[in-house]
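Enquirer: Chain by chain, the residues run as shown.
Protein chains: 2
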Amino acid sequence: MDYKFLQDLDVPVQTKIAMIIMDGLGGLPMEPGGKTELETARTPNLDALAAQSALGLTVPVGPGITPGSGPGHLGIFGYDPLHYEIGRGVLEALGVDFELGPDDVAARGNFCSVDGAGLLTDRRAGRIPTDLGKELAKLLRTIKTDGVEFFVETVKEHRFAFVMRGSGLGDALTETDPQKTGVAALPVRALNPGSEKSAMFANHFIEQARKLLADKHPANMILLRGFAKSPAVPTYHELFGLRAAAVAVNGMYRGVAKLVGMTVLPVDGDTLVDEFAALEKNWHDFDFFYLHVKKTDTAGEAGDFLRKVRVIEEVDALMPRLIALKPDVVIVSGDHSSPALLKSHSWHPVPTLLYGKYVRADGIAQFGERACARGGLGVLPAKDVMPIALANAQRSAKFGA
Amino acid sequence: MDYKFLQDLDVPVQTKIAMIIMDGLGGLPMEPGGKTELETARTPNLDALAAQSALGLTVPVGPGITPGSGPGHLGIFGYDPLHYEIGRGVLEALGVDFELGPDDVAARGNFCSVDGAGLLTDRRAGRIPTDLGKELAKLLRTIKTDGVEFFVETVKEHRFAFVMRGSGLGDALTETDPQKTGVAALPVRALNPGSEKSAMFANHFIEQARKLLADKHPANMILLRGFAKSPAVPTYHELFGLRAAAVAVNGMYRGVAKLVGMTVLPVDGDTLVDEFAALEKNWHDFDFFYLHVKKTDTAGEAGDFLRKVRVIEEVDALMPRLIALKPDVVIVSGDHSSPALLKSHSWHPVPTLLYGKYVRADGIAQFGERACARGGLGVLPAKDVMPIALANAQRSAKFGA
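Those protein sequences? They're chains A and B, same order as listed. For the record, in the first sequence the residue sitting at position 21 is 20 according to numbering that gives the first Met the number 0, with numbers rising by one throughout. For the record, in the second sequence the residue sitting at position 47 is 46 according to numbering that gives the first Met the number 0, with numbers rising by one throughout.
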């Protein structure tokens, strides 16, 4: 879909759309013939909503593609994740709530150990404690030079986000991690002329870091990888004419929401109840709300089937608070699947529910993978959900006469 | 789908395909839990056909896109409506059966009222009677100039189709309607060098019209908008190797059929019975038949649920006459949805039935939205139906060895 095309069809109205994303929602039975996490969960509220909804299965990135959280979110947000790539450095910066500018170049950094000859002995510096990581980050922040500003933000243990800010910085850069020990860290090389300035500054930073960390073994050197700038993503306002708000307690999801121009709402606390309270509090000020549930994914990745079931039930119990706000359109979906059976993200299509007054309801009173496979939305690219939601919120004009 | 690709797979055979398009077929229940128009209609013949058919839901233009009649028809005819755009001027000319040439530039015209200072007082000239519109059109036809031929055809009331015929006429032109009263009509401006000649002639025509209409208040001036040339659409014969015929009583649908190279058949009268009779009469002379049913859409747009139900039942009652002709493949579908609930075109996918000897039948003995949602065609772009129909008519060769 051509974005300009959607913009031309915007209709100014007062309708509200809520998108509840349970991270890694899609699942699998633990044994053949069994039920998935979502099918096992007791979800009377979601089932009642499903009866008045169109159901389907969304494919976040492409058939058979297991998405990371970045691409998974871009997909359900309505973007083609193969077109708008979020580099690893950008994700790392977003994850620590760093306010990434459009010209900033971000990288994943980590402390590592080198011997007297400068050869790597441990690529993760023995996973130093986060507190030590923070101390060393302070040291790295003393590195200054003309023409570019450096930022260092601790993620956890040996990991940190590294950002260069300045003009004319390209991000076509090689990484310094040789992916093995017994050899020296590699220099940063520019892959195009527009990135030569970046390469020079990155190498300067690394050289200064080496000197500052010389007596800090095991964290006596750094590695940088995944250099990237923010993709120039059109915002929700530009694209869909929506004043959009995000409710998420984890940095990376707040970051991706910011990337598409959503206003990230403050949440008092980090529970689901706190998240729904934030949504209620801001209901009158926005047209679109994205609410992120992290713990479905955490449980799936931990292989904890029953914990994932319980988190889904917790979300179900909160659904009446959303419905009480009388949203015009509700989307309940996930950014990808994370079956407990696989203990990881997976490629499986994601159960998706679209509720609204003008939705052609399937009359299937159950929200689950197999129920969604029979739904009228069919199996569809995740990026198609937003245009359909906008139409149901009567926010799209007719195309052609 | 690459068109050249389909052409290479043409197989010369004698099979016949019939496509019955009920305009705006798709619907919605009037209240939650209810049935749609098509589900409410008593359709024993379509249900029996459905039992031997593959069912699905077609998306005319794109997810969430509400199609106009032009794009809706191009879609079910097998074309990507985002690629072949039919401008408003072209639709207006097609609607009055004007034989639009490939280089003609068409526009929507209307009479309007201006005051002594030339400022608009009524953009529709008080919706003058059609007879007066026809009288004034005769007057406008007296405008002649060297290098280009002008055509004026009354649509109804204040509306007319305006066409310029000549060489080197581009259609990148601005419209003259300022969309408000109290200001003067705008001049036509060329948006590229190739359209400067068109702009000059259009402005010349408007200037002559102003003089001729000076004493014809309330219709003392004209407005022109939606300048466009016919899109260069490959014909059904070029594309599919089909000798195609169209049965439609409304001008616009005859026009779109002509655009794709169908022969428009004469219809004695304007009832559905007359249309089916025209199809029977010409059965031996063509490979493909498109039969258009207008009144489903008219009823939907009027919000008349029961009238739409009755029109569908009327079509059902005529289906045995089609089946008696022993078509090899039958498509029953719509160009878009027009739910009575919305009183307008809508974005909802369209119930679609594909019958044929070699169709893998779903065994669902019902033709309705929810039945189609469970069908083997799935949710598919409307433009994919024709290639599938051709294959079922054994008109596509094997691709590759």
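Wrong hints could be hidden among the right ones.
[Said to hold, decoys possible] Think about it this way: if two alpha-carbon atoms lie no more than 30 Å apart in a straight line, the pair counts; the simulated DSS-like pairs of lysine-lysine are:
1. K356(A) with K325(A)
2. K342(B) with K325(A)
3. K210(B) with K397(A)
4. K179(B) with K210(B)
5. K34(B) with K325(A)
6. K179(B) with K215(A)
7. K257(A) with K325(A)
8. K356(A) with K34(B)
9. K179(B) with K397(A)
10. K356(A) with K155(B)
11. K342(B) with K15(A)
12. K397(A) with K342(B)
13. K294(B) with K15(A)
14. K215(A) with K342(B)
15. K155(B) with K196(A)
16. K356(A) with K294(B)
None of these hints come from the bench; they were simulated from the model. Remember, it's a predicted structure, so these values are computed and weren't measured experimentally.
Enquirer: Does each hint hold? Answer for all of them.
Expert: Tested hints:
1. Proximity of K356(A) to K325(A) is assessed by CA-CA distance (about 11 Å); at most 30 Å being required, the pair is judged to hold.
2. Between K342(B) and K325(A), the direct Cα distance comes to roughly 23 Å. Compliance with the 30 Å bound is thereby established for this hinted pair.
3. At roughly 37 Å between alpha-carbon atoms, K210(B) and K397(A) are farther apart than 30 Å, so this suggested pair is violated.
4. Taking the CA atoms of K179(B) and K210(B), the gap is about 22 Å. The hint holds against a cut of 30 Å.
5. At most 30 Å may separate the alpha-carbon atoms for a hinted pair to count; K34(B) and K325(A) meet this at roughly 24 Å.
6. Taken as a hint, the K179(B) and K215(A) pair is broken in the structure, with Cα atoms around 74 Å apart against an allowance of 30 Å.
7. Under the criterion of a C-alpha separation no larger than 30 Å, the hint pairing K257(A) with K325(A) is consistent with the structure, at around 26 Å.
8. Using a Cα cut-off of 30 Å, the hinted pair K356(A) and K34(B) holds, with the two alpha carbons roughly 14 Å apart.
9. Only pairs whose Cα atoms come within 30 Å are accepted, and K179(B) paired with K397(A) is accepted, the gap being roughly 22 Å.
10. For the proposed pair K356(A) and K155(B), the alpha carbon gap of about 36 Å is over 30 Å, so the pair is violated.
11. For the hint linking K342(B) to K15(A), the alpha-carbon distance of about 22 Å falls within 30 Å, and the restraint holds.
12. Our distance criterion of 30 Å between C-alpha atoms is met by K397(A) and K342(B), whose separation comes to about 13 Å.
13. At roughly 34 Å between alpha-carbon atoms, K294(B) and K15(A) are farther apart than 30 Å, so this suggested pair is violated.
14. Distance hint between K215(A) and K342(B) is unfulfilled; the C-alpha atoms sit about 73 Å from each other, more than 30 Å.
15. With a C-alpha separation of about 67 Å, the suggested pairing of K155(B) with K196(A) is violated against the 30 Å cut-off.
16. Distance check on the hinted pair: K356(A) and K294(B) sit about 26 Å apart at the alpha-carbon level, within 30 Å; holds.
Violated hints, listed in ascending order, are 3, 6, 10, 13, 14 and 15; each of the other numbered hints is respected by the structure.
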